[in-house]
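*Asks:* Those protein sequences? They're chains A and B, same order as listed.
The numbering of the first sequence is full-length UniProt numbering, which starts it at 1 and goes up by one.
The numbering of the second sequence is full-length UniProt numbering, which starts it at 1 and goes up by one.
Stretches of chain B that chain A covers, calculated by requiring three or more beta carbons in the stretch to come under 8 Å of a beta carbon on chain A:
hint, segment
1, 31 to 37
2, 109 to 121
3, 158 to 165
4, 173 to 180
Quick caveat, the hints were computed from the structure, so don't treat them as lab data.
Keep in mind it's a predicted model, so treat the numbers as computed, not measured.
Ideal Cβ positions, reconstructed from N, Cα and C, are used throughout, including at glycine.
There are 2 protein chains.
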Amino acid sequence: METAEEREPRQERSRATRARLLESAVERLARGGAAGATVGAVAEAAGVSRGAAQHHFPTREDLFLAVMRHILDSRGAELRRRIAGVPEGPGRTEAVVQLAVDAFTGDDFRAALQLWAAAASDPVLRERVVPTEEHVGRELHRAAVELLGADESRPGVREAVQATLDLARGLGLANLLTDDGARRRRIVRQWAGMLDAVLAG
Amino acid sequence: METAEEREPRQERSRATRARLLESAVERLARGGAAGATVGAVAEAAGVSRGAAQHHFPTREDLFLAVMRHILDSRGAELRRRIAGVPEGPGRTEAVVQLAVDAFTGDDFRAALQLWAAAASDPVLRERVVPTEEHVGRELHRAAVELLGADESRPGVREAVQATLDLARGLGLANLLTDDGARRRRIVRQWAGMLDAVLAG
Numbered sequence: 001m002e003t004a005e006e007r008e009p010r011q012e013r014s015r016a017t018r019a020r021l022l023e024s025a026v027e028r029l030a031r032g033g034a035a036g037a038t039v040g041a042v043a044e045a046a047g048v049s050r051g052a053a054q055h056h057f058p059t060r061e062d063l064f065l066a067v068m069r070h071i072l073d074s075r076g077a078e079l080r081r082r083i084a085g086v087p088e089g090p091g092r093t094e095a096v097v098q099l100a101v102d103a104f105t106g107d108d109f110r111a112a113l114q115l116w117a118a119a120a121s122d123p124v125l126r127e128r129v130v131p132t133e134e135h136v137g138r139e140l141h142r143a144a145v146e147l148l149g150a151d152e153s154r155p156g157v158r159e160a161v162q163a164t165l166d167l168a169r170g171l172g173l174a175n176l177l178t179d180d181g182a183r184r185r186r187i188v189r190q191w192a193g194m195l196d197a198v199l200a201g
Numbered sequence: 001m002e003t004a005e006e007r008e009p010r011q012e013r014s015r016a017t018r019a020r021l022l023e024s025a026v027e028r029l030a031r032g033g034a035a036g037a038t039v040g041a042v043a044e045a046a047g048v049s050r051g052a053a054q055h056h057f058p059t060r061e062d063l064f065l066a067v068m069r070h071i072l073d074s075r076g077a078e079l080r081r082r083i084a085g086v087p088e089g090p091g092r093t094e095a096v097v098q099l100a101v102d103a104f105t106g107d108d109f110r111a112a113l114q115l116w117a118a119a120a121s122d123p124v125l126r127e128r129v130v131p132t133e134e135h136v137g138r139e140l141h142r143a144a145v146e147l148l149g150a151d152e153s154r155p156g157v158r159e160a161v162q163a164t165l166d167l168a169r170g171l172g173l174a175n176l177l178t179d180d181g182a183r184r185r186r187i188v189r190q191w192a193g194m195l196d197a198v199l200a201g
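Pulled out of the complex, with its shape left as it was, chain A reads as follows (with noise of 0.2 Å):
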């Protein structure tokens, strides 16, 4: 029988191998797309064995959705650090659309980018993927609720959330291809500026 001292080590090089291959995962996507980012070709940018690889990732779908999750847990605790120092005041509603809006950028959103175009053409990855997506939306838009303190009983409080997350990962999409970081600080200004006008009523 294996002891607990035996067993303790090779749990933790096991969630350092998964590790890893989800991070090698996340570049592979956003670098090159879903079509390169084969189980094989991960453990292989991660230094990691064929078989072990499988043994964490049995099929494509199964990485692909691991790295979701994987993108959504390390952008949580991210926004999770960055909500301590929004500050309070008038200031407040821009500084919670730049969170979303940043929340739609970089390596992250491009591979989760090539998740989703890779999940609408594959209806099993595309029936694994939308329960989660559905569950972050919920939560994101929680977030914003709380953080903006908005009643969402008084009307179209609730549809100009939506807007600023919808807005944001439209602002995501127009990135993918240049970066327009001057163009996107402008649309925040403005778009906190309305976004208070319907939170005071």
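Position chain B against the provided structure of chain A, taking the given hints into account.
*Replies:* Okay, now just chain B, sitting in the frame of chain A:
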């Protein structure tokens, strides 16, 4: 020497073949993603010989760029038709926002999204796609300004119009995996109200 009468039908046949290839490429992109939209596969689906297809589109980049322009042309024609039906008066802003949002749904948008995803991870394709994208972005913005009767010299108006197109893009992306027509409808109405307030100053 070939007579003009002989040349004409051949040119017509060539145009018809090209159009069939492009329609077939849009469908393959929308349903199966960029990986399955090779020149050979598109030719087979269109019932065109591989040689004839390669005469029109020597490389995958040539095909994808032509598809992008084809989508933009057909969307542009559709938009011009619908613009004629946009009412004057109080419902106008909402009708224009709805037009913008509709421009980012359907098979054309699905195909375009797959092209963007492919371009994000293919420097050659990206370099060719970006100028077209930027041109279209400017044209769409100009059309929206005109339709809304927006005075961009007033503060925030330019950004609010840009945000409308970014929101439309974001709603289209959200719609990729799940159909959320009813939610989209409510957001369009709310957004139109907020946009009207900015346009009225």
